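So the sequences go chain by chain: P and Z.
According to the working numbering, the residues represented by the first sequence are 1 to 291, in order.
According to the working numbering, the residues represented by the second sequence are 292 to 719, in order.
These are computed hints drawn from the structure, not numbers from a lab.
Computed from a predicted model, the values in this text were never measured in an experiment.
Where is the CB? At the ideal position from N, CA and C, for every residue including glycine.
Each hint should be verified, as a subset may be incorrect.
Said to hold, decoys possible - Covered stretches of chain P, as calculated for chain Z (at least 3 residues, CB under 8 Å):
hint	segment
1	8–19
2	127–137
3	151–161
4	231–244
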Amino acid sequence: MPTGRTWHDRHLGPLFVLPATLMLAAVLIFPAAMTLKLSLTHEGGGRWSLALVHYLKAFRDPVLAQTFRNTFAFVALSLAGHLLLGLALALALNQALPGQTFFRLIALVPWTVPDVIAGIIFRWVFNPIHGCLNPLLQSVIPGFPANFSWLSSPTLAFPSLIFANIWRGYPLVMVMLLAGLMAIPRELYEAAAVDGAGRVKRFLHVTLPGLSTIILIALALDMVWEFRRFALVLTMTGGGPGTLTEVLSTLVYKSYFQFFTFEYASAIAILMSVVLFILSLPYIVLVGRQQ
Amino acid sequence: MRRNVNACWDLAMVWIAVSLLVLMATPATAQVKIRFQTWHWMETPWVKSLEEFQREFNKANPGIEVVRDDSRYADKESVFITQSTAKAAADIPHFSYRPIRHFADRGYLLDLTPFVEKEGGEKYLAQFDQAALEMCKYKGKLYCLPDDLNPLVLMYNTIHFKEVGLDPNKPPATWAEFLDYARKLMKADRWGVGIIGARQEGIFMRFNPWLWGAGGDYLTPDGRRSALDSPEALEGFKFYVELFTKHKLVPPGVIEQGAQEVRTQLAHEKVSMIITLPAAPGIVQAINPKMNVREVMMLAPVPVGKKKVTSAWFSMRVISAFTRNPDAAWKVYKAWHEPESQMRNFKIAGVLSSRLDIKNSPEVKNDKFARVFSAQTPYVKWEPLVPEWPKIGDAMITAIQEGLTGVKTPEQALNDAHAATNRALGAQ
């Protein structure tokens with residue numbers, strides 16, 4: 001039975017997809033395969049084998065174990081901050097206020113700042129001698145120490161880093177949630193108000209259910225990005241004090257470019273990718289279901 | 292329709308004519324371009340020396356063009372590794388001595404032996420400091436010529452000394468005097484001494500004199516095990532970290548302070564003494580042009596503990612194994628190491644050459660700063676050149692940071708560095 005589709009209709013689609021596929025293979029699949037091969041190669045180069053020497057070494061490496069813990073904490077706290085700040089600002093910017101567009105643009109500014117610049121800015125902000133945070137706190141809290149150390153403090157370095165990362169990364173979540181808020185029909189709020197629902201109930205029973213899918217997608221995407229966060233950490237703390245703020249991406253960088261252990265660095269990178277893939281599964285499933 | 296076709300032809304003719312004119316107006320390009328890579332292209336005062344070298348070489352060698360290739364100090368190795376993996380590295384990159392053997396093992400560096408043989412072999416090499424030259428030799432090959440070799444010394448602000456009743460002509464000679472002077476130099480919003488705590492290569496040069504000066508070392512003499520568990524190593528380590536933690540002689544935020552931050556503190560009179568390199572006077576002057584550095588600052592050997600010893604900044608250029616023009620690259624390389632270039636580098640940037648004729652020249656011997664640096668050369672000691680050094684060094688920085696910030700006691704921090712060093716060496 002004729003389908004009405006010509007030869008062109010049946011064969012042109014794959015041809016259109018081909019350039020993008022080749023490009024992906026060149027910039028993604030090929031380097032990934034090379035990294036995998038390198039992770040199976042003996043140190044100093046040579047032949048590869050399935051002895052998994054570097055993976056076994058990774059499982060015994062105390063620095064790597066701590067770095068995994070740091071990375072999970074960094075991602076979890078950053079995500080929580082992005083969600084709370086992003087949602088609060090999205091709710092505020094969804095109100096019909098004068099200058100709404102201006103404030104929406106201003107709220108997006110941190111997203112436009114490159115990681116390295118954000119890192120340098122916050123290093124200066126937190127600097128105990130010529131930074132701006134201590135004088136600001138002194139003007140608000142009389143008696144606050146003039147030379148208070150943030151990034152040199154074992155207890156405050158990590159929270160300071162998270163603070164900077166929340167500032168840098170909330171706009172993505174905010175924009176997605178704002179788009180989600182704008183898509184919730186006004187009628188639902190009006191109907192809830194008619195039924196006697198107050199602000200809190202409307203938020204809990206209309207806004208949150210309406211945003212649930214977008215929140216999941218935003219958090220999943222954000223998680224992937226935060227898991228790979230590199231330049232901000234390297235610029236602000238370099239992983240210190242000691243290894244207290246070391247994350248996986250900085251450890252891979254150090255192992256590869258500073259320790260010259262290319263093979264071990266590749267093994268850590270592969271492990272990182274596997275963990276990231278597992279963490280991304282809910283997002284992949286969600287997107288698959290929606291399609 | 293026809294009018295449109297004619298218009299298209301007219302446009303095409305104009306485009307071709309303009310292209311031809313542009314091509315004819317462009318000066319003939321040099322035959323060979325040699326990428327000369329260093330982070331100094333972006334730094335005063337070195338850039339002036341580099342630009343003069345580039346200008347003079349290009350003028351004298353019409354067939355070869357030296358091309359500026361910027362790297363950054365912090366990621367010079369990353370850039371070179373990435374470019375070498377793609378077989379597209381700069382022809383002549385610039386490093387400290389630390390990664391040379393790693394790069395040689397990976398096949399990234401050109402063996403210079405055949406070029407040196409043509410220049411006269413041993414006679415040609417005899418022009419250079421022999422200890423420095425040894426660092427360029429590896430597995431029977433020569434991978435570099437030594438470039439700038441700069442021992443570290445103490446630099447101090449004489450005005451601060453006078454303010455607190457210290458004689459600028461009697462700098463601290465021992466560790467006890469150093470502590471005493473640093474205490475006396477403390478004032479409101481000013482600290483006695485600036486030290487480095489940031490995770491960067493420069494930390495070793497400033498820390499090593501204390502470790503070695505106490506009689507400690509990184510490794511046992513056979514290079515197979517860590518020697519960081521010795522009482523001497525602990526003494527040196529404690530002296531360094533306690534300048535901050537116990538004696539409070541160092542500005543806050545110490546682990547955020549790299550070499551440039553500490554020089555900036557000296558330039559802006561936030562600290563009175565630092566351990567530093569021959570290039571420092573020029574850099575401090577550039578940071579604070581209002582300060583007359585040659586009048587205000589003085590230099591002295593690093594205060595002596597149990598042993599008189601210092602570390603050094605030692606850098607060298609190499610030729611990439613992937614250069615497409617090895618002969619032209621060697622010509623540029625050789626020119627950079629000629630006395631004229633090295634003397635210019637000294638006069639502009641203040642750095643000391645590994646060339647013996649420059650090192651022993653009247654210009655160096657009569658210079659207020661250079662003669663102090665140069666006199667320390669016999670006391671220079673190097674970090675161990677084992678392949679595991681980057682990991683050992685990283686463990687040491689971790690320990691220094693942990694000690695400085697109180698994450699661990701100095702004993703715990705050094706003990707962990709000892710264990711990490713043995714792990715890196717595969718020792719039990």
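Evaluated hints:
With 0 residues having a Cβ less than 8 Å from any Cβ of chain Z, the segment 8–19 of chain P misses the three-residue criterion, and the hint is violated. Given as covered by chain Z, the segment 127–137 of chain P passes the check, having 3 residues with a CB less than 8 Å from a CB of that chain where 3 are the minimum. Taking a C-beta to C-beta cut-off of 8 Å, the segment 151–161 of chain P contributes 4 residues in contact with chain Z, enough for the three needed, and the coverage statement holds. Requiring three or more residues with a Cβ within less than 8 Å of a Cβ of chain Z, the coverage given for the segment 231–244 of chain P holds, as 7 such residues are present.
When held up to the earlier numbered hints, the structure conflicts with hint 1 and nothing else.
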